Structures are given as C-alpha cells and as structure tokens.
Amino acid sequence: MKASTLLLSFALGLASVGAATAQTTAPLADCAPGAIERPLPEYPITLRKTHVTTGLAQVAICIDAEGKLADILVIRYTREEFATATVNALKKWRFTPAIRNGVPVTAQTELTFHFENTGMVVVDDVSSIVETFLHGDMRNTIITYKPATLQELDRIPTPITATAPRYGRDLSEKGIHGSVLVEFFIDENGAIRMPAVLKADHPELASLAIDAITTWKFEPPLCRRQPVLVRAQQVFKFEPGKPQP
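My numbering runs 34 ahead of the 1-based position in the sequence shown.
Honestly, the hints are just simulated from the structure, not real lab data. Some clues are possibly wrong.
[What the hints assert, rightly or not] As a list, the in silico DSSO-like pairs of lysine-lysine whose alpha-carbon atoms are at most 30 Å apart:
#1 208 <-> 180
#2 233 <-> 83
#3 208 <-> 233
#4 208 <-> 102
#5 126 <-> 208
#6 251 <-> 125
#7 180 <-> 233
#8 233 <-> 251
#9 126 <-> 83
#10 180 <-> 102
#11 102 <-> 83
#12 125 <-> 180
#13 208 <-> 125
#14 233 <-> 271
#15 126 <-> 180
#16 83 <-> 125
#17 251 <-> 102
[To be verified] Simulated restraints, written as ranges between beta carbons of each label pair:
#18 248 <-> 209: 44 to 50 Å
#19 76 <-> 190: 38 to 44 Å
#20 121 <-> 176: 19 to 25 Å
#21 83 <-> 197: 30 to 36 Å
#22 189 <-> 271: 51 to 57 Å
#23 79 <-> 200: 19 to 25 Å
#24 184 <-> 121: 23 to 29 Å
#25 209 <-> 176: 51 to 57 Å
As the structure is a computational prediction, the values presented were derived from the model and not from experiment. All C-beta atoms in this analysis are idealised placements derived from N, C-alpha and C, irrespective of residue type, glycine included.
Modelling step: build the complete structure from the supplied sequences, incorporating the hints.
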C-alpha cells in the first residue's frame, strides 16, 4: 500500500444531518440506520427558570449491526446541559441497523436537537438551523462547544499508533485497488471516534481502511494548550503490485 500523508485534510465544517432524515455518514450502506423508539430529551430543569429559553445540541452516534447504540459523541452545543439531556435520552432509543447488500452493518449518523423551554424540536435540515441563528435570541444560540479547526490547533496531532491497512496479495491479484476516504474525530484524549467511509472504490478496501483506523491513537489535539475535539479526514491508497505480505 502506498503510504498517504497522515491527516491529509481537516474538515472545516460539520455536516448537518437531521433526525427526521437520519442520513448515514457511511454511503456504502443501502439503507441508513433508523430509530423505532425515540423518547425526546427534556428541557434541563436547571435552565427552566433562567433567561436561557432555547438551545442546541448535536451528536454523532454509531449503530452496530445488531441495532445497538455502540457510541455517542457530542460534537456541538450551546450549553452543556443540553448535551447531557440529549445523551441521556439517546441511551433510551431503540434502533434498526443500516443495511448493505441485504446484510446489517455498522454505520454512523449525526443528529441535531433544538430545545425550547416550551418543548423540544428536532431540527430536520440545515435551513432550520440557519433560521434559528439568524432570527432567534443570539444570547441563547451561540455555540460554546464544537470541533476545533486546523487553524485553531497549536500543531497537527502527533500519531502514537497509525498502523497501515493490510492489503494482501489476494486482493491485488483480483484487481481490487483504488482509494478510500475516511472521516473521523480525534477526541480530547487522542482516541479515534466515529470513523466513517465517505468514498471508496471498493467495499473490501473500505473495510480494510476502517479496521486500520480504529486502532489509531494520537496525542491529544491542543488549542491554546487545552485538549480539543477535531474532525479529520484521511485518504488511503491501495495500489496493485504493492501488497503487504
């Protein structure tokens, strides 16, 4: 496998995915994961009698092949209380797994929740979020937590472990080659979270890339010497004639 530049590019914006559409960040799936039971978060009690009347929380979730909630990652919020309420509610949700070629597979999706002190609304598209920011009470809708951008980091995160995918001779001889683009988060502890294939020339190569990147580990990303969450992308190139033993 030809080695590609580590952390080739950092995504500067977040994908806006609504709960109503439940789009998956793994386009190789034929059917996105779904929710069959989804009790909504409650407006935080500690904020009900304050000036805070609205809020927002965005999370990435991973649903495994059995339809179980495998991971939750908070990626954006206006106040931490809204993130906590969202995570607590999601732990009670029941899901159906994503499907690829008729087989259940693990997949990720991102959900955005918009809170109001008179109830709770799930944002279903980016225009709704923009409308909130443009016409809502900006005192309550300012984002206080989100992934850092490349420009905000003190330096590029240093890899501790970054094992290359195992590209065997059998795949090379079958003519299976190409590239895979994987998006993932590096959390405040340097762990890889929510790896998802954005583009792949072959499903088998996608699996190899995901298997490898889930073992990666970095030093914590730093912004002004403080650990931060970072969204990143990595391109893996698999070339015929250069398989690993």
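A range of 38 to 44 Å was offered for this pair. Does it hold for the Cβ distance of residue 76 and residue 190?
holds, 40 Å
Hinted pair residue 251 and residue 102, Cα distance within 30 Å:
holds, 25 Å
Hey, residue 102 versus residue 83, does the alpha-carbon distance stay inside 30 Å?
violated, 36 Å
Is the straight-line distance between the alpha-carbon of residue 126 and that of residue 208 30 Å or less?
Violated: residue 126 and residue 208 sit about 45 Å apart, past 30 Å.
Take the C-beta atom of residue 83 and the C-beta atom of residue 197, compute their distance, and say whether it sits inside 30 to 36 Å.
For residue 83 and residue 197 the Cβ distance comes to about 52 Å; the hint is violated.
Range hint 51 to 57 Å (beta carbons of residue 189 and residue 271) holds or violated
With Cβ atoms ~25 Å apart, the hint is violated.
Residue 208 and residue 102 were given as a pair; does the straight-line alpha-carbon distance stay at or below 30 Å?
Distance ~35 Å between residue 208 and residue 102 Cα, so the pair is violated.
CA of residue 208 to CA of residue 180, is that 30 Å or under?
violated, 43 Å
Could you grab the alpha-carbon distance between residue 233 and residue 271 and see if it respects the 30 Å cut-off?
holds, 12 Å
Agreement of residue 180 and residue 233 with the hint, judged by alpha carbon distance not exceeding 30 Å
Holds: residue 180 and residue 233 sit about 24 Å apart, inside 30 Å.
Please work out if residue 180 and residue 102 have their alpha carbons no farther apart than 30 Å.
holds, 26 Å
Sort out whether residue 83 lies within 30 Å of residue 233, counting only the CA atoms.
violated, 47 Å
Hints 1, 2, 4, 5, 11, 13, 18, 21, 22 and 23 from the earlier list are contradicted by this structure; the remaining hints agree with it.
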